[in-house]
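Asks: All chains, full assembly: derive it from the sequences and hints.
So the sequences go chain by chain: A and B. The opening residue of the first sequence carries number 126 in the numbering used here; numbering runs sequentially from there. The opening residue of the second sequence carries number 126 in the numbering used here; numbering runs sequentially from there.
No lab work stands behind these hints: they were computed from the structure. A portion of the hints provided could be inaccurate.
No copy labels: a pair is met if it fits in one copy or bridges any two.
Straight-line distance between alpha carbons at most 30 Å, and here's what the computed DSSO-like set of lysine-lysine pairs gives [said to hold, decoys possible]:
#, residue 1, residue 2
1, K497, K565
2, K581, K497
3, K497, K454
4, K427, K454
5, K581, K427
There are 2 protein chains.
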Amino acid sequence: MPAAGARCAGLRRRLPVLRWLPRYSLAWLQLDLMAGLTVGLTVVPQALAYAEVAGLPLQYGLYSSFMGCFVYCFLGTAKDVTLGPTAIMSLLVSSYAFHEPVYAILLTFLSGCVQLAMGLLHLGFLLDFISCPVIKGFTSAASITISFNQVKNILGLQGIPRQFFLQVYETLRRIGETRAGDAVLGLACLAVLAGLRAMKSHLPRAACMESLVARLSYLIVWTSATASQNDYRIDPNQELLALGFANVLGSFVSSYPITGSFGRTAVNAQSGVCTPAGGLVTGALVLLSLAYLTSLFYYIPKAALAAVIISAVVPMFDAGIFRTLWRVKRLDLVPLCVTFLLCFWEVQYGIVAGVLVSGILLLYSIARPPIKVSEGDVLLVQLGSSLHFPAMECLRDAVCSHALAAASPPRSVVLDCCHISSIDYTVVVGLAELRQELRKHGLSLAFCSLQDPVLKVLLSADLEGFQHFPSREEAERCGGAEAGGGGTAPFTSTSESLLLPTGLIQ
Amino acid sequence: MPAAGARCAGLRRRLPVLRWLPRYSLAWLQLDLMAGLTVGLTVVPQALAYAEVAGLPLQYGLYSSFMGCFVYCFLGTAKDVTLGPTAIMSLLVSSYAFHEPVYAILLTFLSGCVQLAMGLLHLGFLLDFISCPVIKGFTSAASITISFNQVKNILGLQGIPRQFFLQVYETLRRIGETRAGDAVLGLACLAVLAGLRAMKSHLPRAACMESLVARLSYLIVWTSATASQNDYRIDPNQELLALGFANVLGSFVSSYPITGSFGRTAVNAQSGVCTPAGGLVTGALVLLSLAYLTSLFYYIPKAALAAVIISAVVPMFDAGIFRTLWRVKRLDLVPLCVTFLLCFWEVQYGIVAGVLVSGILLLYSIARPPIKVSEGDVLLVQLGSSLHFPAMECLRDAVCSHALAAASPPRSVVLDCCHISSIDYTVVVGLAELRQELRKHGLSLAFCSLQDPVLKVLLSADLEGFQHFPSREEAERCGGAEAGGGGTAPFTSTSESLLLPTGLIQ
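Replies: Take a look at the structure:
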């Protein structure tokens, strides 16, 4: 029986639909229907607009908008996330597809396979290494790039190059060629959309909610967030599996790569969706428009689509983040600025550079932990954080420069390890060498406040003359007594050789 | 005057010769002469042998052996390190030089430029990221590869391929073609060298010293060690500068790339060298042999050189390291084995893979810190180490799964931050989101034992309802009282909103 239970739990983990379907009620159905319909009415114009961003024929936006809804209904762990074409993904696709749908579809299949593999191999944790400043820099830059990319459509200009800087130059140079009809239509659409947004923001709770959910939905896809508005929890690896399946299956229906959408997830949550079943309604609506509306696409003015895109991506720009980081943590401005600036060159380079820069800052902070040295009868050295192998040389330098350069050298050095939770072999070797070096100058080295795993490693390494004390006070008292000539024996020691005169190298 | 003093100190740092030359004495001169002569007598046969390992004409070994001695005398910070051709560097050169000296010399110039740039940009700290298991795996594998590479010379076989596995196969297949003369000479030389080594190891102090200095000299070059046998300290960036200059200047005298030598540094230290001036004597001796002995090189039997090489590199193999790591830290066996095994394919790949693997293990340990959760009136969450951005999701998961899944959910969560020495913006955002999520379920989040830099960051972030206590006991007492309905106000809080009923999302 327990085996069957475990199998059942495993199945429910892989097929989250089984968690909510047995409890499905008529009340939920009503709410899901409404929410699905609302999202559907949002996705149809957005899909057409994003296909334009991706540089593909408009119908490819709709081809990409239904498979995600169906797949997520069965495999998704959050009730309100909606998969489909997004502005940023469309921008990324545009730089690989070269206006050829076949490349975009191949990209869908391949990215789906990568996502499936990551989900199956539980590599979801890799997304944890994309830090907040990188995401902010990337979305802010993308919002500018995507918006400016649409200015040419609002002005009715043609033959503008794709590269951002060339685009800005050409658009400004040829601004005299603006077509009045396009400009009037585009600006009017923008004004209407801005008006609608302003009306909505008079409902403070909803707006706040939207920003929360938008961030959430973003994090789900990009940094595996853990929402728990529902009683089931989001599993980042399962989300990757759902996304991977949606892309692989999508590639068979000419979809370009899809991901979780900020905006529509917010719409979904605000419409009071109860389960991912709302996606079925959205998907059906997209299929219906594909069946009956495609012949009308020809008449959609590009300026109107441009207005839809601009009003969708402008809120993604966060100017306040620069000020916030300056106030809270200036060092984080480095990955932010690197990502933000490089994204204008190529979005991918920006993200990769940002991740590398934040990784380097992270590794540097590990290689140079804060070290506090208090001089006295004993030299007390306290590490502010964990001790990993890249930090060993730095610690050795700090200890030696204080212990050997002091005017009246102390008789013993005590290393306070209370913040160290684990150590590796390189650190063990480094500590042994440090002890040997200090001994050459007639100094002893003792440890205090060792956590259990660290003590175990140090004991198993059989360090010659290893000496440790339960607390800092104990160590200072004994070290001081020893310095005074009292010669109190250490509390715990695997060998007594520490107290013998040093004879290795004179 | 202070400005002149600082300039003088800066000059002494860049030209370490200025530190010891003014104090130079006749007694030092005597010892340096002896040591320089001893190292010179070692370097001449080794240089010829290593040129053979590098696949270059024998004289290139001597071309590579004098510039390092001269340059290090002026720029080096350790008294006993000797720069010159080494077995491992020769192995690396052999895979790039294709038996063409011109490629090797170009490699010398380029690697010198890289080393100079690293020294000038203070990138010496990058060497801290090469961990002990990687060095051990690499030297052990190199010792096997280099030794086996010489077996063909001992047996007098010709036309054996360079790739290790093919080499083993071909050598074993053609073992019947062994030439008796070569084999007798080679084995006799090996026996004599092994005999000399055995005699030396009867002097335990010297042997122990050798292993210490060998490791030291190795670490200087590879992981910037900090020796302080002298009263001046070793500066890794200055060492890189010295090495870079030696290589750049060496490339003008047809040197192949050089580095610090294990063996000869040990010989130097044992001979009682006092200053790097000993190198001048060594360099002069090499120049003399180049002037008068090159015509004799033709008659040196390869089998004898092979014996010199084998007896120099065999001690680098450390079989015990596998057992030691199994006992002390099993996880470190992963980078060790990856480096060791891949080095048989190509040494460079082995080192790069080893560094990557130890970097991944390091990042993983940062992304998944030990988290201790104690349930009670308040849920006490204690992090075992620092909190960097990749660990935020993991912490949020741990807190939520305990706080929301408990049979009798606690009223408040206390995060004990005593081991956290710094936090970044991603963590701040994550903590704010965690607080919001807990609040939705009617739970409060408080912090305790914050270190000053962390408190400063959290205060500057203006977190809504931020609440912290000086100690864990304080937090538990107040949290418990609050849970009991007492409603004690928190000790410090930037806003009182925490105590208001939550109203953001119901």
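Asks: A separate judgement is required for each hint: does it hold in the structure or not?
Replies: Now for the hints, and whether the structure bears them out:
no. : hint          : verdict
1   : K497 <-> K565 : within (24 Å within a copy, 40 Å between copies)
2   : K581 <-> K497 : both (25 Å within a copy, 19 Å between copies)
3   : K497 <-> K454 : both (22 Å within a copy, 27 Å between copies)
4   : K427 <-> K454 : neither (43 Å within a copy, 63 Å between copies)
5   : K581 <-> K427 : neither (69 Å within a copy, 50 Å between copies)
Hint violations for this structure: numbers 4 and 5, all remaining hints satisfied.
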